[in-house]
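S.K.: So you can see what is in the structure, the chains are spelled out below.
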Amino acid sequence: MTHRPPRPRSSRAAVRDPQNLAAGLVLLGFAGLAWIASAGLEMGTLFVMGPGLVPRVLTLCLAAFGLFLCASAVVQDGMPVRLADFSAVLLIAALIAAAAAAGSLLPGGAVIGLPPAAFVFCLLYLVVMVALAVLCVRRSTWLDRSGLRGPVFVIGGVIAFALTVRSAGLLVSGPLLALISGAAAPDTRFGELVVFAIAVTLLSVGLFKYVLQLPVPALIIPGIVYL
Amino acid sequence: MEILSNLGTGFAAVLHLVDVAIPGIGVVPLPVNIFLCFTGCLVGTLIGVLPGVGPIATITMLLPITFGLEPTGALIMLAGIYYGAQYGGSTTAILVNIPGEATSVVTAIDGHEMAKQGRAGSALGIAALGSFFAGCVATLVIAALALPLTRMALMFGPAEYFSLMVMGLVFAVVLAHGALSKAMAMIFLGLLLSTVGTDLETGEERLTFGFPPLADGIDFAVLAMGIFGFAEVLRNLGIDEKRDLVSKPIGRLLPSPAELRQSAMPVVRGTFIGALLGILPGNGAVLGPFASYSMEKKLARQPGRFGRGAIEGVAGPESANNAGAQTSFIPLLTLGVPPNAVMALMVGAMTIQGIIPGPQVMTRNPDLFWGMITSMWVGNLMLLVINLPLIGLWVRLLRVPYRLLFPTILVFSCIGIYSINNSPLDVVMTAGFALVGYSLIKLGFEPAPLLLGFVLGKLIEDNLRRALLMTRGSLIGVLERPISAALLLIALAVLVAAILPALRKSRDRVFAE
Chain A
1 MTHRPPRPRS SRAAVRDPQN LAAGLVLLGF AGLAWIASAG LEMGTLFVMG PGLVPRVLTL
61 CLAAFGLFLC ASAVVQDGMP VRLADFSAVL LIAALIAAAA AAGSLLPGGA VIGLPPAAFV
121 FCLLYLVVMV ALAVLCVRRS TWLDRSGLRG PVFVIGGVIA FALTVRSAGL LVSGPLLALI
181 SGAAAPDTRF GELVVFAIAV TLLSVGLFKY VLQLPVPALI IPGIVYL
Chain B
1 MEILSNLGTG FAAVLHLVDV AIPGIGVVPL PVNIFLCFTG CLVGTLIGVL PGVGPIATIT
61 MLLPITFGLE PTGALIMLAG IYYGAQYGGS TTAILVNIPG EATSVVTAID GHEMAKQGRA
121 GSALGIAALG SFFAGCVATL VIAALALPLT RMALMFGPAE YFSLMVMGLV FAVVLAHGAL
181 SKAMAMIFLG LLLSTVGTDL ETGEERLTFG FPPLADGIDF AVLAMGIFGF AEVLRNLGID
241 EKRDLVSKPI GRLLPSPAEL RQSAMPVVRG TFIGALLGIL PGNGAVLGPF ASYSMEKKLA
301 RQPGRFGRGA IEGVAGPESA NNAGAQTSFI PLLTLGVPPN AVMALMVGAM TIQGIIPGPQ
361 VMTRNPDLFW GMITSMWVGN LMLLVINLPL IGLWVRLLRV PYRLLFPTIL VFSCIGIYSI
421 NNSPLDVVMT AGFALVGYSL IKLGFEPAPL LLGFVLGKLI EDNLRRALLM TRGSLIGVLE
481 RPISAALLLI ALAVLVAAIL PALRKSRDRV FAE
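Chains as they are written, first to last, in UniProt numbering: chain A, 1 to 227; chain B, 1 to 513.
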């Protein structure tokens, strides 16, 4: 839990606080999204408020803070922005955009229970994870610097859990989550992780399914087993 | 005397005997609620001890285990989980110097220093004793204030509620770390997120992008777990882990008579400050430990000892922490307004049990109301009983490396999120919010105000609409009501004070310490 000390940048650069600039742009992005989404909503009057009034006012406030932060980035010194902190988010956003585009091209109808765009996204994500896993095995130093490893595997594990928990049950989705997300740690050890994944899963099945009796399926093999 | 009879109702609810059929023995009357309180404290501490898991993530994770219980038992257990998580966080702060959340940051300073000197036992012991004392006082404070405040709440109309919540948000901004402008932006983002979903009055979908699962709005547990649970895991993975687990022996758990004498007054002062700040809407409880620490430092004969293992630096803030944690139930129980994210989770839990928080709870469910208040005291007693003997177990748990801990945290969190609505999509949305939260942290935003804005958003909009309906659309009308005007004036004064440069500096100094 070490805090990076703020490194003052040279005050002659045009953008003296890159972090605030990025923060401001992100806020403007959120405001833009909300503006588009609330476009069709009735504003109403103060007496009888329409559904669109409050979102619109909040959007404008958010945009104002975005502009304020952008402006302040030119005036005062601040923290730098490291690409590695955002690489994973940008990569996943790119995958979502690509999947959405591909999904709109594909004919409608669900593919193995998923909308086409979601299916394409999972496929692309799987490819990315396999590529990163290969890099992991080769102990690539680029991977450690890129900042991709942690978020990509953690989010990947969570998605795998969500995909399997209902169709295959906890006994499949638990180890899957633990194994995939476990790869996120730079000092991960495979053998240890396997043992641990199984132990954690058995413990959680016992606790949630049998002690607390939550309606979570433990194991489903279609037509054969339903626990 | 009314207090005593009310507390009596509470104890009766907590000690209530339920006939339980035990196979092989037969039907035995058991105090089930005590058992639930104990279990809550135990699992709460167990999860709360994990480094980087604060009370919000702990409660979200453990929320599903209370679903099958009857309301009083469920809330008693949740309160136990909350105190357990708080105390677990302090244990981690003292032993490994990783504070699970803002309030235990201060404990880590001197507590960890004491641990390095081989006095971890004393630090943990005084934290537990101080918290217990604070808990006793805070329980009495709540019991005493509950009646008058509930009566006051009945005078509140929509305009007053609106102004109260605006004041809460202003406090949250002022109390947040970092730049004011960024904290305010997070409040607005949270408010905006709260408008996602179906508009209650017109039935129109807002900001859903035509995505059907968003029609019911964003689930608070999903947002909280994403931003506070998963994002924290992502953040910890990015840090080269240097877990500073003390290798020195824990030492004796009971503080020596000299240490007890040194801590007595700090505990009393901390309790007082914490209880007072905890009542404020807008997460005042966060400020308690900071205020107590700087106060003890000012009052000390040798301020130089602070930061080098002064026991007052643990005793005061820990008492303030616990007192604040407890009195922050007051706005929720009397007004129905959650003052922070943890209380918002309590609202969620109460709603699931079919109870709408607000002034009517006390009259309609007196057993539940007073039972919960009394269980706070019982919970504090449990913590004293559980934690001190189990300290060895927590230490062993802290030896588990993070590469194994975080997959465990993720598995339990995912099961927890999934079980709230039995929805795999909720799990995916949590992952999405984790990425958003992680990016926001990296951009220098603090996520706590966002969560509070989200929590209060719907209530604020609803009350504003109703207030404006009553004043025929005139904003001045909202100001004409005296209580409402006073609350807004306080909010304005606090905001102006925070922006003024002189006070801003002293605020920065409080947080820097």
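The set of hints was computed from the structure by calculation and includes no laboratory data. Please note that a few of the clues may not be correct.
Quick look at which bits of chain B chain A covers, simulated, 3 or more residues with Cβ under 8 Å [claimed, not checked]:
# : segment
1 : 3 to 17
2 : 54 to 67
3 : 174 to 187
Quick reminder that beta carbons are idealized off the backbone N, C-alpha and C, glycines included.
S.K.: Which of the stated hints cannot be reconciled with the structure, identified by number in ascending sequence?
M.R.: 1
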